[in-house]
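A.B. asks: Quick mapping for you: the protein sequence lines, in order, are chains A and B.
Numbering-wise (the working numbering), the first sequence opens with residue 1 and increments by one.
Numbering-wise (the working numbering), the second sequence opens with residue 1 and increments by one.
Because the hints were derived from the structure by calculation, they are not lab data.
Note that CB positions come from ideal geometry on N, CA and C, so glycine has one too.
Hints are supplied without guarantee of correctness; some may be wrong.
[To be verified] Quick list of in silico lysine to any residue cross-link-like pairs, SDA-like style, CA-CA up to 25 Å:
1) 230(B) / 265(B)
2) 189(B) / 113(B)
3) 497(A) / 257(B)
4) 152(B) / 292(A)
5) 178(B) / 428(A)
6) 282(A) / 184(B)
7) 152(B) / 110(A)
8) 266(B) / 292(A)
9) 158(A) / 67(A)
10) 497(A) / 551(A)
11) 230(B) / 195(A)
[Claimed, not checked] Just a few of them, taken from the derived set where beta-carbon distance is under 7 Å, the chain A residues facing chain B:
12) 64
13) 246
14) 247
15) 250
16) 252
17) 253
18) 261
19) 308
20) 314
21) 420
22) 430
23) 478
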Amino acid sequence: MMTTANARPADALRADDRPVSTRTPSAGARKIGGVAGWVDDRTGAAKGVGYLMKKVFPDHWSFMLGEIAMYSMIIALISGAFLTLWFVPSMGHTVYDGSYAPLRGVEMSEAYASTLHISFDVRGGLIIRQIHHWAALMFVVAVVVHMFRVFFTGAFRKPRELNWVIGSVLALLAIVEGFSGYSLPDDLLSGTGIRAMQGFVQTAPVIGSYLVYGIFGGPFPGEAIIPRLYSAHILLLPAVIIGLFTAHILLVAIQKHTQYPGPGRTNDNVVGFPVMPVYAAKAGGFFFIVFGVIALIAAVISINPVWGYGPYDPSPVTAGSQPDWYMGFADGALRLLPGWLEFTALGYTLSLNIMPGALILLPLVYVVVGVYPFVERWITGDDREHHLLQRPRNAPVRTAIGMAGITMYSVLMFAAANDIMAIKLHMSINDITYFLRTAFFVAPFIVFWVTKRICLSLQRADRNKVLHQRESGTIIRTPEGAFFERHEGLSEYERWKLVDFEPVAPIQLEQRVDANGVEKPLTGKDRMRARLSRFYFKDAVQPVTPAELAAAHHDGHGHEAIEAGEHAGSVHR
Amino acid sequence: MNALAARRRHPAAIGILLLIGLFLMGAAYAAIAPRPAEAAVSSATQVDEGKQLFLANCASCHGLNAEGRATGAGASVAGPALAGVGAAAVEFQMGTGRMPMRAPAAQAPRDDRIKFTEEQITAIGAYVASLAPGPSVPSEEAVDPARGDAVKGGELFRVNCAMCHNFAGAGGALTRGKYAPALTGVAPKDIYMAMETGPQSMPVFNDTNLTPEAKRDIIAFLTAVNEEPKAGGFTLGSLGPVSEGMFAWIFGLGIMVGCAIWLGNKAA
Ligand code: HEM
Chain A
1 MMTTANARPA DALRADDRPV STRTPSAGAR KIGGVAGWVD DRTGAAKGVG YLMKKVFPDH
61 WSFMLGEIAM YSMIIALISG AFLTLWFVPS MGHTVYDGSY APLRGVEMSE AYASTLHISF
121 DVRGGLIIRQ IHHWAALMFV VAVVVHMFRV FFTGAFRKPR ELNWVIGSVL ALLAIVEGFS
181 GYSLPDDLLS GTGIRAMQGF VQTAPVIGSY LVYGIFGGPF PGEAIIPRLY SAHILLLPAV
241 IIGLFTAHIL LVAIQKHTQY PGPGRTNDNV VGFPVMPVYA AKAGGFFFIV FGVIALIAAV
301 ISINPVWGYG PYDPSPVTAG SQPDWYMGFA DGALRLLPGW LEFTALGYTL SLNIMPGALI
361 LLPLVYVVVG VYPFVERWIT GDDREHHLLQ RPRNAPVRTA IGMAGITMYS VLMFAAANDI
421 MAIKLHMSIN DITYFLRTAF FVAPFIVFWV TKRICLSLQR ADRNKVLHQR ESGTIIRTPE
481 GAFFERHEGL SEYERWKLVD FEPVAPIQLE QRVDANGVEK PLTGKDRMRA RLSRFYFKDA
541 VQPVTPAELA AAHHDGHGHE AIEAGEHAGS VHR
Chain B
1 MNALAARRRH PAAIGILLLI GLFLMGAAYA AIAPRPAEAA VSSATQVDEG KQLFLANCAS
61 CHGLNAEGRA TGAGASVAGP ALAGVGAAAV EFQMGTGRMP MRAPAAQAPR DDRIKFTEEQ
121 ITAIGAYVAS LAPGPSVPSE EAVDPARGDA VKGGELFRVN CAMCHNFAGA GGALTRGKYA
181 PALTGVAPKD IYMAMETGPQ SMPVFNDTNL TPEAKRDIIA FLTAVNEEPK AGGFTLGSLG
241 PVSEGMFAWI FGLGIMVGCA IWLGNKAA
């Protein structure tokens with residue numbers, strides 16, 4: 001373990017640069033050193049690399065969630081590069097004559113034929129296709145849980161708001177990237193997806209049909225959409241994603257990683273292992289674990305069996321046509337929207353039956369996610385830097401808001417599977433839809449309330465534990481005949497994480513005075529802020545203060561002699 | 001041949017030709033036309049036996065003369081009229097265990113516990129077919145997957161059936177608890193008769209919609225889908241992206257987080 005201390009955040013950036021060791025290197029190392037030196041002489045890279053190599057990384061499994069995303073992304077990039085060698089992004093007509101007999105002689109697009117070719121006639125093609133698709137699904141899953149981790153621990157607070165925004169953009173781009181890939185093979189399912197997308201774009205008031213013509217280069221389906229999606233999928237979006245991702249990682253390095261509260265950890269240090277060699281070994285190993293798990297899944301479980309769907313043709317559609325899971329929430333919103341949102345005024349028709357779910361929801365979700373840190377900062381008025389994470393229970397209202405948001409999102413996501421649930425659970429699709437419609441509005445409130453209660457109870461339990469320690473169930477009789485229950489002590493270490501969070505209180509409305517001593521009137525904004533602040537903090541549970549601790553321990557002092565080495569708790573006589 | 005040629009101007013020749021022509025037409029029609037005639041060839045005793053079985057097992061819902069019975073609640077019926085549904089409908093409904101329906105439900109489910117013998121089902125079929133002509137039970141040859149073209153069948157299936165039954169015949173949901181069942185393990189004959197009679201919410205695909213050959217192609221396709229090796233591995237029920245997404249969340253994420261925790265706990 002090593003600790004790097006930094007007095008002020010600004011100096012802190014380079015504080016863990018340490019003098020280069022002067023040990024004489026081995027022959028092999030010298031050879032590598034020679035190459036490195038050659039490169040360094042020409043690029044001056046050693047300084048930056050050395051800086052990154054000596055970064056200290058705190059260790060916690062939840063910090064690996066971002067890594068799962070990173071590695072899945074890399075695996076998707078590598079396997080995708082392999083696929084580009086054979087995939088033909090063209091809607092040109094062809095007749096299939098490959099080795100998959102049930103489609104031989106069927107007319108189809110070259111895109112679909114080349115996908116079949118990869119699946120059945122390219123050695124290892126099918127497993128790479130499946131690796132690519134599973135990696136894409138895992139990428140977005142991991143991005144989302146990584147986001148949950150960052151959110152619920154308050155890692156997005158100053159100075160990391162910027163990285164949070166970059167992250168939100170990445171998350172949005174990741175699903176757009178996924179959708180563009182899903183649409184490429186031109187099988188019945190992906191064609192249905194493109195058809196749906198065309199319908200969504202068309203619902204934009206006034207400009208919808210022009211947009212569609214622009215995107216498709218003419219009426220649906222035309223011949224342009226697959227080549228266009230292809231350049232977005234393999235060039236444009238990956239370039240932007242990799243660029244933003246690099247910025248994301250550099251910011252993590254520059255701002256340093258956050259850490260959970262614990263012994264010796266403060267807002268001004270980072271406790272953990274240096275990247276080289278420990279963390280690099282762990283992280284490198286983890287890459288292979290992620291790769292291994294994805295390869296294993298891809299080898300065993302079929303994904304997107306395009307040969308089963310058949311070539312795209314606008315007339316048929318298959319039961320169970322769904323987008324990949326990350327687009328599910330938008331599809332689900334469409335399934336839940338009632339059919340009476342069409343209005344006519346002044347001879348114009350405004351149809352809102354589809355647009356809210358199709359065009360508004362998707363960007364809206366990511367905007368709401370992106371601005372959250374700024375909203376919270378405004379409400380709490382907290383302008384300080386935070387490098388210590390919060391345990392989710394120690395920010396009950398934020399945790400509850402997050403859970404409520406996840407609930408809303410999940411209701412929509414499950415709604416996209418209403419038909420599958422109907423056949424698998426033997427229920428009526430109508431009942432499921434009515435239920436989810438209600439749940440969308442009601443469940444978030446219930447979840448909010450329950451989560452907040454749970455957090456507050458956990459906080460109180462923590463306080464109790466610190467003040468009165470753990471009841472051991474052991475009753476002890478003193479020589480004088482008195483009885484008491486032994487309370488098992490908490491070690492300093494255990495106690496640390498239970499008390500290391502900041503006391504909070506709602507912002508008070510106070511009259512402010514300007515430079516001339518004239519009272520400034522309270523604005524509506526002030527009042528709003530005070531109200532929101534009360535909402536966040538009115539029933540906050542405060543951490544145990546040293547004074548409280550001392551007072552509590554005073555009670556138990558009489559038994560310290562008996563309970564040598566342990567703190568005795570309060571006495572019950 | 002000479003004798004025939006010599007008599008071709010015989011006054012009776014035209015009449016004979018006409019007769020031959022009519023006979024050929026009739027024979028061709030009999031060969032091509034849907035055969036409601038099954039009932040005619042079944043013996044009167046079979047029909048009688050069928051009627052007895054019908055009265056005992058089916059009349060409570062379908063009426064004493066298979067004229068249908070209302071439940072009395074609005075337009076709903078305990079069982080619809082059966083005149084004209086044909087022997088094929090009876091064979092399908094009873095052969096797949098749907099009839100006699102056990103309990104009122106959104107849809108009579110398939111049930112493999114069939115309590116009737118082949119002969120009894122044929123007898124009831126004969127009885128129902130005797131009420132009014134309807135589709136008859138197809139021959140073995142008409143449903144033989146080996147004679148069908150699975151490629152064409154696949155195209156027909158995607159256009160006509162996949163919207164309800166899913167691309168791989170894994171089944172799909174309809175409104176209010178009704179559903180198109182999975183088509184795995186359905187006998188070729190039952191597939192044919194389902195198309196012929198259109199049970200419950202399924203449309204009827206008569207011979208002008210889908211020719212008997214097209215029906216056989218579809219049977220060949222469904223058989224091929226059932227039997228082909230699953231190229232990609234386990235199919236997760238062929239339900240599409242929903243089951244894939246669920247798998248990624250539960251197992252993919254579960255395994256990876258498990259590994260992350262394990263690695264995190266490993267001290268350096
Ligand atoms: C392309 C997708 C993404 C990749 C590959 C990625 C990768 C990473 C990695 C490897 C880390 C450091 C390890 C960790 O804390 O888990 C990190 C940190 C971070 N990520 Fe992401 N991330 C992605 C998307 C997101 C999203 C969607 C958000 C939130 C909207 C986000 C916000 C953050 C923040 C604020 C940090 C700093 C956390 C801290 O220092 O505690 N990231 N990311």
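A.B. asks: Confirm or reject each hint.
C.D. replies: Here is what the structure says about each hint:
For the suggested pair residue 230(B) and residue 265(B), the alpha carbons sit about 39 Å apart, so the restraint of at most 25 Å is broken. For the proposed pair residue 189(B) and residue 113(B), the alpha carbon gap of about 18 Å is at most 25 Å, so the pair holds. Taking the CA atoms of residue 497(A) and residue 257(B), the gap is about 23 Å. The hint holds against a cut of 25 Å. With a C-alpha separation of about 40 Å, the suggested pairing of residue 152(B) with residue 292(A) is violated against the 25 Å cut-off.
Between the alpha carbons of residue 178(B) and residue 428(A) the distance comes to roughly 7 Å, so the proposed pair stays at or under 25 Å and holds. The straight-line distance between the Cα atoms of residue 282(A) and residue 184(B) is roughly 47 Å, outside the 25 Å bound, and the hint therefore fails. Taken as a hint, the residue 152(B) and residue 110(A) pair is honoured in the structure, with Cα atoms around 20 Å apart against an allowance of 25 Å. With a C-alpha separation of about 19 Å, the suggested pair residue 266(B) and residue 292(A) falls inside the 25 Å cut-off, and the hint holds.
For the given pair, residue 158(A) sits about 22 Å from residue 67(A) by alpha-carbon distance, which is consistent with the 25 Å threshold. Note on residue 497(A) and residue 551(A): the hinted pairing holds, with a Cα-Cα distance of about 20 Å set against a maximum of 25 Å. Between residue 230(B) and residue 195(A) the alpha-carbon distance is near 28 Å, which puts this suggested pair outside the 25 Å criterion. For residue 64(A), the suggested interface contact is upheld, since its CB lies about 4 Å from the closest CB of chain B, less than 7 Å.
The beta carbon of residue 246(A) is not positioned within 7 Å of any beta carbon in chain B (closest approach about 23 Å), and the interface hint is therefore violated. The interface hint given for residue 247(A) is violated, since its Cβ lies 24 Å from the closest Cβ of chain B, which is over the 7 Å cut-off. For the restraint placing residue 250(A) at the interface with chain B, the shortest Cβ-Cβ distance is roughly 23 Å, beyond the 7 Å limit, so the hint is violated. This hint is violated: residue 252(A) has a C-beta 17 Å from the nearest C-beta of chain B, more than the 7 Å allowed.
Checking residue 253(A) against chain B: minimum C-beta separation of about 20 Å lies over 7 Å; hint violated. At a threshold of 7 Å, the smallest CB-CB gap from residue 261(A) to chain B is about 17 Å, leaving the interface hint violated. With a cut of 7 Å, the hint placing residue 308(A) at the interface with chain B holds, because the nearest CB-to-CB distance is about 5 Å. For residue 314(A), the shortest C-beta to C-beta distance to chain B is roughly 11 Å, which exceeds 7 Å, and the interface hint is violated.
At a threshold of 7 Å, the smallest CB-CB gap from residue 420(A) to chain B is about 5 Å, leaving the interface hint in force. Interface restraint check: residue 430(A) against chain B, minimum CB-CB distance 5 Å, threshold 7 Å, status holds. Here the hint on residue 478(A) is broken, as its CB sits about 42 Å from the closest CB of chain B, past 7 Å.
Of the numbered hints given earlier, the model fails hints 1, 4, 6, 11, 13, 14, 15, 16, 17, 18, 20, 23; all others are met.
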